[in-house]
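Asker: Sequence:
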Amino acid sequence: MKKTIQLPLDRRKALEYLRDNLEGTNTLSTAVCQHLDFDKGNFYALVPEDLPEKQIYEFKQGGIGKADKSLIVDLNFEKCRNEKSFTCVFDDVDATYAPSYNWPVFSKFGVHFQKEVYYLLNEKDFYKQNFQKCFSISDTIWHSLCVVSKLKHSRKEEKSLSKKDLITIAKAAEMICLLAYDAESYIFWEKGS
Numbered sequence: 001m002k003k004t005i006q007l008p009l010d011r012r013k014a015l016e017y018l019r020d021n022l023e024g025t026n027t028l029s030t031a032v033c034q035h036l037d038f039d040k041g042n043f044y045a046l047v048p049e050d051l052p053e054k055q056i057y058e059f060k061q062g063g064i065g066k067a068d069k070s071l072i073v074d075l076n077f078e079k080c081r082n083e084k085s086f087t088c089v090f091d092d093v094d095a096t097y098a099p100s101y102n103w104p105v106f107s108k109f110g111v112h113f114q115k116e117v118y119y120l121l122n123e124k125d126f127y128k129q130n131f132q133k134c135f136s137i138s139d140t141i142w143h144s145l146c147v148v149s150k151l152k153h154s155r156k157e158e159k160s161l162s163k164k165d166l167i168t169i170a171k172a173a174e175m176i177c178l179l180a181y182d183a184e185s186y187i188f189w190e191k192g193s
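Note that the working numbering has the sequence shown beginning at 1, numbered continuously upward.
No lab work stands behind these hints, which were simulated from the structure alone.
Treat each hint with caution, since some may be false.
The calculated lysine to any residue pairs, modelled on SDA-like cross-linking and capped at a C-alpha distance of 25 Å, are [to be verified]: (1) K115 with Y97; (2) K191 with N122; (3) K152 with G41; (4) K3 with L51; (5) K2 with H35; (6) K163 with Q34.
Go ahead and model the full structure; you've got the sequences and the hints to work with.
Answerer: See the structure below:
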């Protein structure tokens, strides 16, 4: 596999793709678009080192070249592990919550807002295997969102989140990871220090 590199992105072009992909997808995605101050951080992509410059901003195109997804998972995992207090939320746009929803991964890490399904990890369940599992479930070819927030948010017994919870998570984001290049890689926004 070709070497994967971190490539800085033009904020305007990255935001255009982000908003097109996220707006109206689910409550967390909309909260990220509406409440995260993107001027306080930078966008970048993890792409194959020989990606032609003209293809860098073809976020909706496939066949550009797969990035090393294990490296992408590692980057997110390390970012979380280095925080003293964090919440990592993955969306699952393929799932629909109902009170009878009893999938094992949801039973361990799942939360919901109305019928929307999310997976929430914090320090107590933060192991690489759990992280990889949630990351994989969120990947649905056209969309995947992971939000790492510098706050502590625990799953409630009834596994529910409120709209206010999702907005708070979005506002406190330290990093977001969004699927791009037809599921071949991701673009990131990371808050500056």
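Asker: With reference to the structure, classify each hint as holding or not holding.
Answerer: Here is how each hint holds up against the structure:
{"no.": "1", "hint": "K115 with Y97", "in the structure": "holds (4 Å)"}
{"no.": "2", "hint": "K191 with N122", "in the structure": "holds (19 Å)"}
{"no.": "3", "hint": "K152 with G41", "in the structure": "holds (21 Å)"}
{"no.": "4", "hint": "K3 with L51", "in the structure": "holds (11 Å)"}
{"no.": "5", "hint": "K2 with H35", "in the structure": "violated (36 Å)"}
{"no.": "6", "hint": "K163 with Q34", "in the structure": "holds (13 Å)"}
Hint violations for this structure: number 5 only, all remaining hints satisfied.
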